[in-house]
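**Q** Heads up: the sequence lines are chains C and Z, in that order.
Counted from 1, the first sequence has number 144 at position 144 by UniProt numbering; the numbering is strictly sequential.
Counted from 1, the second sequence has number 21 at position 21 by UniProt numbering; the numbering is strictly sequential.
It should be emphasised that the hints constitute simulated quantities derived from the structure, not laboratory data.
Among the hints, a few may not be true.
Claimed, not checked - Here are some, though not all, of the chain C residues that point toward chain Z, as calculated from beta-carbon distances under 10 Å:
#, residue
1, 9
2, 10
3, 324
4, 326
5, 604
6, 607
What the hints assert, rightly or not - 27 Å max Cα-Cα, derived DSS-like pairs, lysine-lysine:
#, chain 1, residue 1, chain 2, residue 2
7, C, 586, C, 609
8, C, 323, C, 169
9, C, 269, Z, 22
10, Z, 31, C, 19
11, C, 19, Z, 22
12, C, 271, C, 286
13, C, 357, C, 169
14, C, 329, C, 286
15, Z, 96, Z, 67
16, C, 477, C, 524
17, Z, 61, Z, 22
18, Z, 61, C, 134
As the list claims (entries may be wrong) - Derived list of chain Z stretches under chain C, where covered just means 3 residues or more per stretch with a C-beta under 8 Å from a C-beta of chain C:
#, region
19, 3-11
20, 44-58
21, 62-72
22, 77-85
Each residue gets a CB set at the ideal place from its N, CA and C atoms; glycine is no exception.
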Amino acid sequence: MALLQIAEPGQSAAPHEHKLAIGIDLGTTNSLVATVQSGEARTLADINGDAMLPSVVRYHAENVTVGQQAQLAAVEDPTNTLISVKRFLGKSVAEVTTRYQSLPYEFVEHQGALAINTVAGPINPIQASAEILKSLYQRATESFAGEDIVGSVITVPAYFDDAQRQSTKDAAEIAGLKVLRLLNEPTAAAVAYGLDSGQEGVIAVYDLGGGTFDISILRLNQGVFEVLATGGDSSLGGDDFDAVLVEHFKSELGLSELTPQELRLLIQKAKACKEALSSYLTVNVKLELRSTEHLVSVTQEQFAELVAPLVKQTLRACRRALKDAGISKEEVLEAVMVGGSTRMPVIREAVGEFFEKEPLTSIDPDRVVAIGAAIQADILAGNKPDSDMLLLDVLPLSLGLETMGGLVEKIIPRNTTIPVARAQEFTTFKDGQTAMSLHVLQGERELVDDCRSLAKFSLKGIPAMAAGAAHIRVTFKVDADGLLSVSASEKSTGVQAEIQVKPSFGLSDDQVAQMLKDSMSFAKEDMQARMLKEQQVEALRVLEALEASLATESALLNEEELNSLREAMAMLDEKRQNASDPDAIKHAIEVVDEASSEFASRRMDVSIKQALQGQSVDEV
Amino acid sequence: MAVTLTEAAANRVQTFLANRGKGLGLRVGIKTTGCSGLAYVLEFVDELAEGDEVFEEMGVKIIVDAKSLVYIDGTELDYTKEGLNEGFKFINPNQKDECGCGESFTV
């Protein structure tokens, strides 16, 4: 007979209607799958009892191996064994080749996206991720004895942009897995801890995994988690600590060039050395290279010194996130440690010192994210209907629209909790304008050129009207997974255009960090630039409006008046194109206003006369 | 009349109750549903209902409502592992037949 699980009171499922859901931590180095059964969240192990599946995919000509088996082949078959492929998700060839120079892979452009050449042909990072998900899905299906899995919650780093999130969803789709929701990794960790300890207040989640670093500032209040701010660096993790050790080995051995096999060996040794240093003060590493045996010894102190720049980098991100959240260090109640790399004593010490409190490590830092994802999946599958736990995630960067003059109008500011929908009304710039081009941007700067272009589309079929008369409503919608859709509609006719934002490739993490930094350091210049652009646009609007009325009604002015108005207009046009001071343009606009005031009042008189002509006083 | 637990089952129930942080014990019962007539119910218990019978087995309270008891009297509840799948198994002497999947049964 079937094996049964204990349900919550009154929640027993009818036969064949079990609402089984899984949580997947699709990690850079290791991936895990977890579920909630009999009220207990646990990670699911494979037949050998291992919960962690190395995120390694090896391609053969005919088939694919995933996990431990693939990892073992890494040294002998480096070019076909894809390790930490998550780092390449949603990236371009150029980004990957400049960021990761010492990798043994052959990166190619395939069907307009990044791929890695293997014996099985070019493989997209999404396909490789799908293989990992498939393997975990298979494990879960076996654990549930063939029961249907209603869906999954897959975690992603908080810093993942739209392209990277979409890639993760695509990978799940290829794997045949229904995604109930993508969840930020630190948020998942907070779920795992929040349920266990139930403490209220501000919590910092420090997540240093194999390839990503995330810091999240969360507020836990009456069982509701709100993410106040996120920060980090999605290209910093345990792998970088290994790389520092590899460099150390290389300089100790006096080596400069390494073959892929040698590099792979050194990385493996570095990893082992780093892990051993979490328990021992000194570790001796035996390296057999080019048929010579070398012995390198590393002390904890030495290691701490080597990785100090990396540790500092993480603490800088912590400081920035606190600032974004508007929280002082003292207000942080707990610091939660997530990710295998937080086992390093040097990290625990640094984080403890920074937040001035002992960090929380009671849940296995490798499993805590998967466990949180499983708890969330269980709730989303409907197994806890009375649960009032909501999860609020935030946007990492502001979303906006280009307006006249190359300015960015922010529609949804950064750190807004999602899902969210915001609408704003725009209008036409020119008389008789029947189409509008919409340019969707992401970033903190004031000018289009300094932000990241996400998508462009146009709204056509706007009825011809005077400039400023059309009402065009633009709606930005960000769903719970952080994916954006933008729609625009003209009010009187209801014509509509919509776009789903699926950018071809994502931002590099350095770029995201740089964009945030720039928005602060260039704040003043940006403001100046915005004012200048605004005045330029206003000047153009004034000139065009005057030009239009002069074309039909210049007869209202005598030659002298017309000349002086023309002169003022020419001056304004010159200033608009050449002046760098917004006040100069503003002044020229005022001069034109002055010069045209008589013209305006005569036009007014004429139109009133026309309107009143032939009507009796009673009718008016 | 009684419903019993194997040691493995008792240990698991205790762990689950401890993890959950609350609950009086384990409800074992039946409901009329499923492809073959009856289905087992296995739930945590936060409060007793009228007509509930309570058995104590290795420190675990088993709660059975009077109506269910006639169908499952003498049942032993075990916790087993089959491949990667693990869970509770009903060994019910009253059971005559079950559906192909084993989730529902007849007496």
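**Q** With reference to the structure, classify each hint as holding or not holding.
**A** Do the hints match the structure? See the list:
A distance limit of 10 Å between C-beta atoms decides the matter here; for residue 9/C the minimum to chain Z is near 5 Å, and the interface restraint holds. Because the beta carbon of residue 10/C sits about 7 Å from the nearest beta carbon in chain Z, less than 10 Å, this interface hint is met. A least Cβ separation of about 34 Å between residue 324/C and chain Z goes past the 10 Å threshold, and the interface hint is therefore violated. Hint on residue 326/C is violated. Least Cβ distance to chain Z is approximately 34 Å, over the 10 Å limit.
For residue 604/C, the shortest C-beta to C-beta distance to chain Z is roughly 77 Å, which exceeds 10 Å, and the interface hint is violated. Evaluation of the residue 607/C hint against chain Z yields a violated restraint, the C-beta minimum of about 78 Å exceeding 10 Å. Restraint check for residue 586/C and residue 609/C: the C-alpha separation of about 33 Å exceeds 27 Å, so the hint is violated. For the given pair, residue 323/C sits about 31 Å from residue 169/C by alpha-carbon distance, which is inconsistent with the 27 Å threshold.
At most 27 Å may separate the alpha-carbon atoms for a hinted pair to count; residue 269/C and residue 22/Z exceed this at roughly 47 Å. In summary, the hint linking residue 31/Z to residue 19/C is supported, as the alpha carbons are separated by about 18 Å, within the 27 Å threshold. Taken as a hint, the residue 19/C and residue 22/Z pair is honoured in the structure, with Cα atoms around 23 Å apart against an allowance of 27 Å. Pair hint residue 271/C plus residue 286/C holds up; C-alpha atoms about 13 Å apart against a cutoff of 27 Å.
For a cut-off of 27 Å, the pair hint linking residue 357/C to residue 169/C is broken: about 37 Å separates their Cα positions. Restraint check for residue 329/C and residue 286/C: the C-alpha separation of about 43 Å exceeds 27 Å, so the hint is violated. At roughly 18 Å between alpha-carbon atoms, residue 96/Z and residue 67/Z fall within 27 Å of each other, so this suggested pair holds. Pair hint residue 477/C plus residue 524/C does not hold up; C-alpha atoms about 30 Å apart against a cutoff of 27 Å.
A hinted pair counts as satisfied when its Cα atoms are at most 27 Å apart, and residue 61/Z with residue 22/Z qualifies at roughly 13 Å. With a C-alpha separation of about 41 Å, the suggested pair residue 61/Z and residue 134/C falls outside the 27 Å cut-off, and the hint is violated. Under the rule that three or more residues need a Cβ within less than 8 Å of chain C, the assignment of the region 3-11 of chain Z is violated, with 0 such residues. Given as covered by chain C, the region 44-58 of chain Z passes the check, having 3 residues with a CB less than 8 Å from a CB of that chain where 3 are the minimum.
Counting residues of the region 62-72 of chain Z whose beta carbon lies closer than 8 Å to any beta carbon of chain C gives 0, which falls short of the minimum of three for the stated coverage. Judged by the Cβ-Cβ criterion of 8 Å, the region 77-85 of chain Z is covered by chain C as claimed, because 5 of its residues qualify and three suffice.
When each numbered hint is compared with the structure, violations occur for hints 3, 4, 5, 6, 7, 8, 9, 13, 14, 16, 18, 19 and 21.
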